[in-house]
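In case you want the letters, here they are:
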Amino acid sequence: MARRDIINTSIWAVKSVAVVIAELIFAISISFFLIHAMPGNPYQIILVGLLQRGIPYEQAKIMAAALAGYNPNVNPIVSWAGYMWNVFHGNLGYSLIYRAPVIKIIATAAPWTILLVAVSLTLAFATGYILGLYAASKTGIVDALINGSLSFFQSIPSYVLALILIIIFGVLLKIAPIAGAYSSNVTPGFTAKFILDVMRHLALPLLTYYLVIFPGWVFGTRSLAISITHEDFVLVAKARSLPEKRITFTYIGKNALLPQLTALLYSYGLMFGSSIFIESTFAIPGLGYVLAIGSGSRDYLLTIGSFLIIIIAVILGNFIADVTYGLIDPRVRGV
Amino acid sequence: MGVSVPLGRRVVNRVVDFLHQLYVSIVIFTSTGQGKAGFGLTVFVVALALAAPLFPYPGPKWSNVALQFIPPTLKPSPWYILGTDYLGIPLLLDIIWGLRYFLEIGVIAGIIQVSIGTFLGLLAGYVGGFTDRALNFAFNLLLTIPTFALWLILAVIFRSGNPVILGFILGILSWAGLARSIRAAALSAKNRDYVEASRLLGLNSLSIIANDIMPAITPYIVMNFMLSIVGGFYGAMGLAFLGLIPYSNINWGAIMGNAFYQEAAIFSPTGTIPVVILIVIQTIILMGFVYFANASVYVFDPKRRREVEIKLASRRRATAR
Amino acid sequence: MSSVVLSVKDLNVTYRTATFDVEAVKNVSFELHRHEILGIVGESGSGKTTVALALMRLLPNNAVVSGKATLYSRDGNTIDDVLSIPESEIRRIRYRWGKISIVFQGAMNSLNPLLTVKDHFVDTAQAHGIDKEEALKMAAELLRSVRLEPARVLRSYPHQLSGGMKQRVMIALALMLNPDIIILDEPTTALDTLTQRQILELIKDLRKERDVGIILITHDLSVVADVADKLLVLYKGYVMEIGEIFTVYSRPYSPYTLMLINSFPAIGKKIIRLKPAGVTAKTNNRGCPFIDRCPFASIECSDADMKLVEVEPGHYSSCIKASVLQQQLAKVTTSE
Amino acid sequence: MSNPSQGSPRGPAPVCPYLQRTPQGYVCSITQRSVNPLGWYCVFDYMNCPIYIGHLSRMAGVKGPERKYGEDVVIAAEDLSVVFKVGSMFSKKDLYAVDHINITVNRSETLAVVGESGSGKTTLGKTLVGLYKPTTGRIYFHGRDVSTMTDEEYRVYRLKSQYIHQDPYSSLNPYKTVYDILAIPLRANKLVHSKAEEEKVIFETLESVGLNPKAYINKYPFELSGGERQRVSIARALLVKPEFVVADEPVTMLDASLRLEVLDLLLSVQKEMNLSVLFITHDLGMAYYMAGERGRAAVMYLGSIMEFGPAKEMLESPLHPYTQALLSAIPEPDPVKSRSKKVMKLRSLDPPNPLRAPPGCKFSDRCPFAMDRCFKERPPLKKVGNTWVACWLY
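Those protein sequences? They're chains A, B, C and D, same order as listed.
When the letters of the first sequence are read in order and numbered with the numbering used here, they come out as residues 1 to 335.
When the letters of the second sequence are read in order and numbered with the numbering used here, they come out as residues 1 to 321.
When the letters of the third sequence are read in order and numbered with the numbering used here, they come out as residues 1 to 336.
When the letters of the fourth sequence are read in order and numbered with the numbering used here, they come out as residues 1 to 394.
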């Protein structure tokens with residue numbers, strides 16, 4: 001690439017990283033603010049707990065600050081910086097109900113959510129994209145089918161959908177387990193039996209996630225592909241009698257892929273939003289479940305810790321989608 | 001029209017004209033299948049919610065443990081036509097008062113969301129320059145936060161099921177999406193030649209925004225207002241379903257949550273009936289709102305309005321002959 | 001072998017929409033010879049692009065096409081009716097781009113923004129069974145013939161090229177498989193004056209160097225005047241007049257052509273002011289479409305059957321008052 | 001490209017004491033003519049009313065508004081340039097859309113500005129009506145420097161100079177009927193006092209542009225053809241009785257047969273209201289048609305004026321090589337004439353990138369007569385006969 005292109009691309013890369021850092025700082029500040037806004041002051045509760053165990057006041061104060069991840073009795077700026085430092089070092093405070101540092105609980109919970117979100121999102125994105133491209137060339141009944149299903153799924157909250165699936169598959173057909181990430185009699189480990197059991201348990205939650213977002217992707221890709229089909233370069237491609245497959249994927253598809261990637265940017269937020277419901281309904285111990293349990297039992301540090309991790313995941317997701325967008329569209333890189 | 005028209009007549013003209021425009025809008029709404037369903041359902045739901053006080057409030061005096069989760073019957077009185085909930089209170093009353101409760105949340109959230117979103121979106125789109133870049137960055141920043149998770153945490157802080165508070169929180173949290181689409185619409189409208197022409201003709205920014213930019217963004221506002229009502233339903237039911245706000249039987253989420261978590265009633269045939277009824281009703285109502293939102297876009301399109309006016313005029317001429 | 005490369009007889013195209021049918025093209029007939037440039041002039045809505053799309057078999061599926069178009073290919077075999085042979089046959093003989101190719105208006109958006117120019121050439125070549133190296137060699141030679149520097153242009157993306165350069169890339173691409181006919185639909189409209197002149201010069205060189213028939217479609221009579229040999233004037237789907245460019249300009253036999261010639265504030269030429277005769281057409285869409293704006297219109301015009309009549313050798317007009325027009329025109333020019 | 005609209009540091013405006021309110025409306029107590037007040041000033045004669053001008057200077061204690069140019073120069077630009085910041089965040093470059101231009105437009109004259117896209121002709125037009133703020137140089141309206149005008153004077157300047165856009169499909173608000181499009185500016189500038197008067201003005205203006213009011217006032221823009229839309233946008237510009245109008249390629253987007261009608265309309269309106277018009281086009285033939293026998297034309301290239309003088313001479317004996325190239329490039333409807341024209345063989349086909357314009361004469365990299373001096377030094381405008389030309393050949 002010409003020297004000028006390299007400069008522009010690196011400027012663009014630096015800009016994207018800067019945006020991510022700004023977003024991270026913003027997210028951490030929000031959670032810092034939330035902790036202080038909580039009615040019951042977590043730091044106080046931990047301090048009292050330590051004092052009851054007979055630890056002298058001075059030492060207890062320091063330990064409480066370390067455990068809680070923030071120190072309310074210094075001026076706000078120092079406390080904020082301290083909190084920021086702790087977060088970067090993984091100290092998100094101490095969970096009262098689990099009696100363990102928040103980061104450890106989240107470390108065990110996060111994989112479940114990420115597994116669910118990643119698998120269902122990639123599946124929905126891929127199938128939605130392919131079906132959307134295919135549907136773009138068809139009219140009539142396909143229109144009605146897609147519009148109908150889209151508004152149906154748009155008007156159903158994820159937990160209601162979960163209930164419906166539980167009733168159908170769990171209660172009536174009894175073919176899929178309706179709760180828990182794996183059955184109790186199976187020992188967790190990297191064995192085929194365990195993996196198979198986990199997959200059986202995750203079937204319904206995955207289906208719920210998938211049905212919540214799949215119609216959106218089909219509809220989005222289809223309307224995009226239809227508008228691109230009217231562009232001149234598609235007509236010229238047909239005029240050059242390029243093979244149908246090439247036109248559909250490289251000409252229409254590739255140009256449709258770009259805006260869909262930006263749509264991917266904002267669907268992360270939605271996904272993590274519904275994780276709270278789906279994981280709670282199916283009792284999958286993911287981030288959403290931990291957040292719901294935490295807020296239910298007023299364990300603020302755990303709640304806000306998991307909330308912060310969710311935002312960080314969303315920010316990283318956005319960054320990845322932003323980078324792939326730049327790699328595909330030369331104009332964004334400023335070439 | 002030679003002599004200047006007296007004030008009275010002008011007001012009457014204005015009202016007649018408004019009613020005519022309203023009638024044209026209704027015709028456009030009901031021109032498509034989706035539009036008919038959406039408009040009909042929305043009007044019915046709003047009317048029912050407003051008329052809720054005519055029905056008895058499903059308070060504790062109705063609760064009767066003996067009639068817990070009974071299937072629909074007319075036995076004790078017609079109110080029990082849809083059966084009862086966990087406390088034995090007739091489901092029909094829960095539903096009607098529930099409608100009012102959710103609409104209250106949705107409308108309050110909608111008003112706040114639309115006012116903040118429109119104001120900031122217009123400010124960013126119309127003013128441009130540094131303010132635009134700063135505000136746009138803020139919008140994208142807010143969009144990275146999953147609104148429902150934050151709403152859940154704030155609900156815990158306030159720990160109350162009061163619709164005004166829930167509506168207020170939802171409104172404050174979810175205006176970023178609308179602000180971004182209004183900014184885009186305002187930006188595209190602003191660069192059109194007719195806005196430049198208005199500026200040349202000495203029109204101040206206020207009248208330019210009112211006459212040239214607002215018509216282009218009104219469809220977004222109406223659409224988002226409707227979707228925020230749907231959001232209100234989602235959120236409030238969800239909070240109750242997870243048991244994070246104090247139990248109140250008019251919140252359908254609470255009933256469903258109860259049937260699912262506490263009573264495991266969902267597994268006994270009698271328990272599933274109220275849950276299924278609630279699911280069906282809630283789906284129909286929300287689909288109504290979504291159809292209404294989708295159909296509302298065409299109401300503001302001058303082409304559609306002209307087509308309908310021509311059709312009405314020709315029908316009027318036909319009946320007149 | 002006769003020099004005719006394409007003959008079109010009574011081409012009719014109607015677009016079926018939910019509410020009503022739009023008759024875009026009504027019994028258009030013409031012939032195109034080798035090394036000849038046929039200029040088709042028509043305002044917006046005259047159906048000129050529909051004619052091009054019909055010949056390229058690219059009309060949307062709600063278009064109903066009738067009539068006959070015969071292609072006499074340079075390699076000997078003749079396709080007796082291009083409009084009716086099935087799509088599979090079209091693919092087999094590689095009709096599109098192999099026999100006939102097209103360059104669309106202004107070419108602003110004719111290239112896929114995410115592919116480089118090189119990809120476009122390779123795409124086209126591979127679709128027609130030419131391998132990559134061969135394609136790149138041809139591409140370089142074609143780009144030089146349109147006065148573009150291959151090394152830089154092949155590597156760049158469409159948004160890095162100016163309007164004029166994109167137009168020339170499209171012309172090179174259209175020439176790639178040495179088709180019998182090239183259609184240029186408004187090639188110069190979105191370009192500014194100097195670049196427009198360069199493209200027209202390029203089209204003239206094309207006609208000399210290559211054994212190809214060129215159809216040049218435009219709304220601007222002066223673009224055709226400079227380049228075309230024959231002129232076909234279209235108005236609301238009807239052919240108003242066909243003939244050699246010089247005879248049509250000096251002795252127009254259709255009031256519409258006269259008005260077109262007149263509507264150019266050309267330098268130092270007297271403008272003949274003609275007011276419409278104010279005759280209104282009957283409601284059904286028979287008769288001459290130009291009746292409401294025609295200065296020489298009369299009642300009979302509303303029943304005219306718009307058939308092409310030979311008013312002079314090789315010069316046809318569909319105006320029933322064509323002969324009358326000449327005397328009246330002479331009267332108008334001398335009196336003023 | 002940011003759009004720095006005109007902001008002017010000025011104090012509050014004194015009041016014209018000679019405006020008297022009578023039942024029929026405002027009357028100028030000196031000339032007894034009924035006038036249409038614009039806020040505190042009568043719209044028509046503000047700039048030329050001798051009584052008012054003299055009074056203003058005495059009352060406001062301001063040294064009388066000295067007038068730079070003669071009485072008949074309506075608008076003038078002195079060493080005017082407009083620079084836009086272009087490029088990504090870090091590699092900002094200056095784009096000289098308008099590059100140190102001097103131009104004057106006299107009363108009821110049509111000055112044609114000819115140039116290709118990217119020549120800066122539209123930016124020049126928009127700066128003269130106050131849409132863009134000049135980066136260097138000054139604009140004079142009736143001899144008064146715009147940047148030192150009082151708020152009221154400035155408002156009258158903006159109102160008395162209007163602009164007709166090129167694209168008929170984006171110059172009218174799609175959500176308003178023709179009546180509203182015309183009524184809103186009238187009401188905003190308080191040019192009418194009752195609904196009846198408003199309707200009378202709108203009906204008259206529509207008739208003056210050849211549109212039958214009854215048929216058009218309730219129509220939306222999407223129901224109008226390109227030609228009708230251009231007429232409505234001309235009517236809108238005439239509503240406020242302007243003195244100076246910039247017409248930016250008003251007919252390029254229209255079908256050939258409609259062009260003459262709109263051009264003739266512009267010419268008749270210009271005579272009727274003795275407007276001064278800056279007619280922007282890329283077609284020298286149209287420039288001559290509008291400028292007329294005695295009219296002047298200016299040829300612009302990459303922001304600078306290459307040739308400026310009587311349009312007729314410029315067509316018959318163009319001096320600057322670029323004008324010659326333009327002339328030979330303009331397609332002629334007459335096949336005989338257009339094929340006899342010799343074609344200028346330019347050294348490079350494509351216009352240079354405006355950001356990297358050649359150092360010396362801007363046309364040097366394409367000009368077949370370029371001498372080495374042309375590459376180093378930029379030629380100033382020199383008077384040759386009664387045409388100004390910027391070329392080292394003279």
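Everything labelled a hint here was simulated from the structure, so no lab data went into it.
One should not assume that every hint holds.
Only pairs whose alpha carbons sit at most 20 Å apart, straight line, appear in this in silico EDC-like list of lysine to aspartate or glutamate [stated by the list, open to error]:
(1) Lys337/D with Asp305/C
(2) Lys9/C with Glu36/C
(3) Lys176/D with Glu104/B
(4) Lys195/D with Asp193/B
(5) Lys208/C with Glu36/C
(6) Lys219/D with Asp17/B
(7) Lys15/A with Asp5/A
(8) Lys176/D with Asp301/B
(9) Lys303/B with Glu223/D
(10) Lys118/C with Asp5/A
(11) Lys236/C with Asp305/C
(12) Lys118/C with Asp329/A
(13) Lys345/D with Glu36/C
(14) Lys204/C with Asp192/C
(15) Lys133/D with Asp193/B
Okay, the calculated bits of chain B under chain A, using three or more residues with CB under 8 Å as the criterion [what the hints assert, rightly or not]:
(16) 181-190
(17) 242-250
(18) 286-296
Keep in mind it's a predicted model, so treat the numbers as computed, not measured.
Idealized CB from N, CA, C, for every residue including glycine.
Results of checking the hints against the structure:
no.	hint	in the structure
1	Lys337/D with Asp305/C	violated (35 Å)
2	Lys9/C with Glu36/C	holds (19 Å)
3	Lys176/D with Glu104/B	violated (35 Å)
4	Lys195/D with Asp193/B	violated (28 Å)
5	Lys208/C with Glu36/C	holds (9 Å)
6	Lys219/D with Asp17/B	holds (17 Å)
7	Lys15/A with Asp5/A	holds (15 Å)
8	Lys176/D with Asp301/B	holds (11 Å)
9	Lys303/B with Glu223/D	holds (9 Å)
10	Lys118/C with Asp5/A	holds (18 Å)
11	Lys236/C with Asp305/C	holds (14 Å)
12	Lys118/C with Asp329/A	holds (17 Å)
13	Lys345/D with Glu36/C	violated (25 Å)
14	Lys204/C with Asp192/C	holds (19 Å)
15	Lys133/D with Asp193/B	holds (18 Å)
16	181-190	violated (count 0)
17	242-250	holds (count 3)
18	286-296	holds (count 6)
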